[in-house]
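*Asks:* Sequence:
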Amino acid sequence: NWADHKTIDSSQPLTLTQHVGGNPIGFYVTRKRPSAEEQAFMQLWSGKLVGYVDRLATTFLNPAQAEFYGKAKEKLLPLLARANTANKELLAPGFADNQHAIVFDAQLESRQWHMSMPKSETKLPLPELSFVCGVADAAKVQAAGVEYFSILQDTVTAISELAPEKVPPYTLPEPKKRDFGTDGAVYYYMVPPFIGLDPSLAPNVGLSQSTFVCSLVPLATQRLMKQTPLQYAGVNEAAADRPLAAMWQFHTDRFIEVVRPWVRYGFQIAEQDGAVDKELAAHVHTVLDVIACVKLASGNAFVEDDALVSQSRIEFEDVAP
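For the sequence shown, our numbering assigns the number 104 to the initial residue and increments by one for each residue that follows.
The hints are simulated quantities; they were obtained by calculation from the structure and are not laboratory data.
Any given hint might turn out to be false.
Said to hold, decoys possible - DSS-like cross-link-like pairs, simulated, lysine-lysine; straight-line CA separation at most 27 Å: (1) Lys-269 <-> Lys-329; (2) Lys-269 <-> Lys-178; (3) Lys-329 <-> Lys-279.
The whole structure should be built from the sequences, with the hints applied where relevant.
*Replies:* In structure tokens, the structure reads:
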């Protein structure tokens, strides 16, 4: 591919592959250069947007509404300016490593992920989707998080001052923190018990000196923050140490083994309701067996002689007789 590749960076190996958990069901890791054109475009239009909103307010709001809009603008615009400063001076340099990854796995199991679910006869694996970023300056990323939290609190306070009869004063609770030494720390909020979710689920982020992770499973975040050698598979076995712009692997057969218990669970519920079709159940499992014949999809991409080169491989294995 000889198109424009200014934002694609294959100047060095993808070190973030050491933070996908070793051998997950699937992952996609990439490194891209920030686009100066995109940043200029966003800055230009963020400024124009305020002007357009002002025109709409002047045109369509009655005097009382216009007065409220003026007060809201006076309180909230400085907060937007603070967020913009945090983006430029803290977040962007903090994530200047420019590596990003999406990781899919399913290592946690439970017979009842929500209290409203009938208990399963077998354990159900939980699909875990995590987002990982390479960190260039952990102190700046942490400072950005502190500033965003402060901006959010000030926003709630400002709204409460603007409409005290509708929004009472409220202090945002700080996230809980669990420290893992050199592997970083996880910041999380426990889900209120009345919601009924399994307690192993909690919105969280993790930060170490080299990695930032966001997921709904703190144990998954902890696992990905820890440096673990990747089990390279397929076409990536020969590309372990070479400079790359992207790398991906997906074990379809293992993904099907995550889906299969949930299918059985669905038929278990249907059977309790007297609505199960045993012939249909057999056909569904046959379809899953066929899909599982696609064992692995793997690939990588790099720039060579000003061209983007992609190589991939899909591995099949026939259904056992």
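*Asks:* Indicate, hint by hint, whether the structure satisfies it.
*Replies:* Evaluation of the provided hints:
1. Between Lys-269 and Lys-329, the direct Cα distance comes to roughly 45 Å. Violation of the 27 Å bound is thereby established for this hinted pair.
2. The hinted pair formed by Lys-269 and Lys-178 meets the criterion: a straight-line CA distance of about 17 Å does not exceed 27 Å.
3. With a C-alpha separation of about 20 Å, the suggested pair Lys-329 and Lys-279 falls inside the 27 Å cut-off, and the hint holds.
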